[in-house]
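Residue numbers (UniProt numbering), protein chains in the order written: chain A, 1 to 564; chain B, 1 to 85.
I should point out that these hints are in silico values taken from the structure, not numbers from a laboratory. Please note: incorrect hints may appear among the correct ones.
List of simulated lysine-lysine pairs, DSSO-like, C-alpha gap at most 30 Å [claimed, not checked]:
#, chain 1, residue 1, chain 2, residue 2
1, A, K472, B, K16
2, B, K4, A, K97
3, B, K76, A, K97
4, A, K498, B, K16
5, B, K16, A, K274
6, A, K97, B, K80
Remember, predicted model here, so these are calculated numbers, not experimental data.
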Amino acid sequence: MSVQIWTYVLVAVSFAIYIGIAIWSRAGSTKEFYVAGGGVSPLANGMATAADWMSAASFISMAGIISFMGYDGAVYLMGWTGGYVLLALLLAPYLRKFGKFTVPDFIGDRYYSATARTVAVLCALLVSFTYVAGQMRGVGVVFSRFLEVDINTGVVIGMVIVLFYAVLGGMKGITYTQVAQYCVLIFAFMVPAIFISIQMTGNPVPQLGMGDTLADGSGTYLLDKLNGLSEELGFAKYTDGTKSMIDVFAITLALMVGTAGLPHVIVRFFTVPKVKDARKSAGLALLFIAILYTTAPAVSAFARTNLIETVSDREYTEMPEWFTNWEATGLLTFTDKNADGRIQYLADEQANELQIDNDIMVLANPEIARLPNWVVALVAAGGLAAALSTAAGLLLVISTSVAHDLIKKQIKPDMSDKTELWIARGSAALAVIVAGYFGINPPGFVAAVVALAFGLAAASFFPAIILGIFYKRMNKEGAVSGMIVGILFMLFYMMKFKFAMFGGGGEEDWWFGISPEGFGMVAMIVNFIVALVVNSFTPEPPAEVQEIVENIRIPGGAGDAVSH
Amino acid sequence: MTSKQRATAYWKENIKYLCILLSIWFLVSYGAGIVFKDLLNHIHIGGFELGFWFAQQGAIYVFVILIFVYIRLMNKLDKKYGYDK
Chain A
1 MSVQIWTYVL
11 VAVSFAIYIG
21 IAIWSRAGST
31 KEFYVAGGGV
41 SPLANGMATA
51 ADWMSAASFI
61 SMAGIISFMG
71 YDGAVYLMGW
81 TGGYVLLALL
91 LAPYLRKFGK
101 FTVPDFIGDR
111 YYSATARTVA
121 VLCALLVSFT
131 YVAGQMRGVG
141 VVFSRFLEVD
151 INTGVVIGMV
161 IVLFYAVLGG
171 MKGITYTQVA
181 QYCVLIFAFM
191 VPAIFISIQM
201 TGNPVPQLGM
211 GDTLADGSGT
221 YLLDKLNGLS
231 EELGFAKYTD
241 GTKSMIDVFA
251 ITLALMVGTA
261 GLPHVIVRFF
271 TVPKVKDARK
281 SAGLALLFIA
291 ILYTTAPAVS
301 AFARTNLIET
311 VSDREYTEMP
321 EWFTNWEATG
331 LLTFTDKNAD
341 GRIQYLADEQ
351 ANELQIDNDI
361 MVLANPEIAR
371 LPNWVVALVA
381 AGGLAAALST
391 AAGLLLVIST
401 SVAHDLIKKQ
411 IKPDMSDKTE
421 LWIARGSAAL
431 AVIVAGYFGI
441 NPPGFVAAVV
451 ALAFGLAAAS
461 FFPAIILGIF
471 YKRMNKEGAV
481 SGMIVGILFM
491 LFYMMKFKFA
501 MFGGGGEEDW
511 WFGISPEGFG
521 MVAMIVNFIV
531 ALVVNSFTPE
541 PPAEVQEIVE
551 NIRIPGGAGD
561 AVSH
Chain B
1 MTSKQRATAY
11 WKENIKYLCI
21 LLSIWFLVSY
31 GAGIVFKDLL
41 NHIHIGGFEL
51 GFWFAQQGAI
61 YVFVILIFVY
71 IRLMNKLDKK
81 YGYDK
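Please model the complete structure; the sequences and the hints are all you need to start from.
Here it is in structure tokens:
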């Protein structure tokens, strides 16, 4: 069977499964809609969190980006996994014990203030919308490349699917579809990785293959070979990278803290029955994520070596079929600058003749390694699973923020559970349409902003939640001013250095040599300082709030999650 | 022990665990993977330079282990203070 037919079959089958699950697990109450009734098992929640977390960016782009960044790719690998340690140890158990539906719920109650709640809602919406637009785009890209439909049609198909199970099933539907999506995406990522690892090093475990000798009998280590090839072409050594140490440090920290502050991840820990389960599912989630995240750097190294060996200084006319296929999409371009008919792939911009998009590395990897057609098709289904699961999780946060945090808590507290459920469904539908619109008409800044969503989460939520749990005396004045100053500071730096506002500036103007991606670290520290200073000049929180804090610190009594 | 004393003692032990585990978290990622990476790269394990390995593989394994150790410690602590019911 051709790649095309295989892709149709695999995508159709996986979509049918998602829809089937959605119908089976529709939500009947707001509690089911927001937190799946609080009855999800830690294992299911771990898988769902992993799928929720691993977006199109993790699945499609990350390995490709790392293969061009070399060592520097560690910022993503450590940044997007280390945050789970913070989540498991500092946030998840306590927020579960607190036992409400959303992050703004916690901020609003802990800081006994409608202002605090509103600020939290706005931060949650800002973070989630920037993130979700990128996912819808990812869905469109996969559709257009593998099913050869128009990119916009792809976005619309994706919208309809997400709309169906997010609106119908709420958190309950999303949780169980995410479990299925995790299985699809991890299988789709591992199969080609294992094939390629065997091909290149003879070792079936990609994590070990990366440090193994090449299978060509030369006895050379793969990474030594790759370092040699990179230097020959004028690139930095693969295991060295080019970023400054302070920037690598800052980006890694911003991503870790941002991960721990992302509302769509935190809310997953409200869905399990007990505090104990919240801890356990954080551990399982990281385990499931780590399977992909330790394989990705191996895929990067394999793909990079493969690519250089296939194209560098070879005749253009002898290029394999995948080369011309991807040339047609415009993601791979060759200009024969010195007219010798050979491909010069070099670090030097003047002499380099080949431009390669990051995303190709994972998507084309099976073709480059000449793997069977069904493996190529599997990657398409995996990419869709990754994009859809994250989009659904984010849409739920948006709809909960609107229906629960804004309308129920602030505008119309006396409405019935049934009305609230319909409002939640309505706002989920609206959010899908808005996200779809941005997927079809991506504002130029989407790609830039997705990476920065972490900085925004780090600069706003993380300090407020941590202080709320670990510092009993923290009051509303401190927390609110910290959040506002933190997020504005982050937005300012982002706009200045990403969009050339407020006078703009280039890399040489960065403060302390820290890029906008890493600035979340600085903004978070500023948030902490402002919060603590303001707190010391303002009255301490009321006794009943201090009691809430004491209560969330101990796990007992969280079993009654059903009684909210 | 009153319930208040019990809660305070539990919290203290919990904080102690957090400090130890988070120090390890910091050392493997920011220490071995970033700040001391060049130093550790002089050591080779198979085809890996050690600092590079920590940054792209090792730190992640340690993260997973840390959370499971934490789960174990806390389950024991819950039992010790009778919060496991």
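Query raised in the report: Which hint numbers doesn't this structure obey?
Result: Checked against the structure, the only hint that fails is number 4, while the rest are satisfied.
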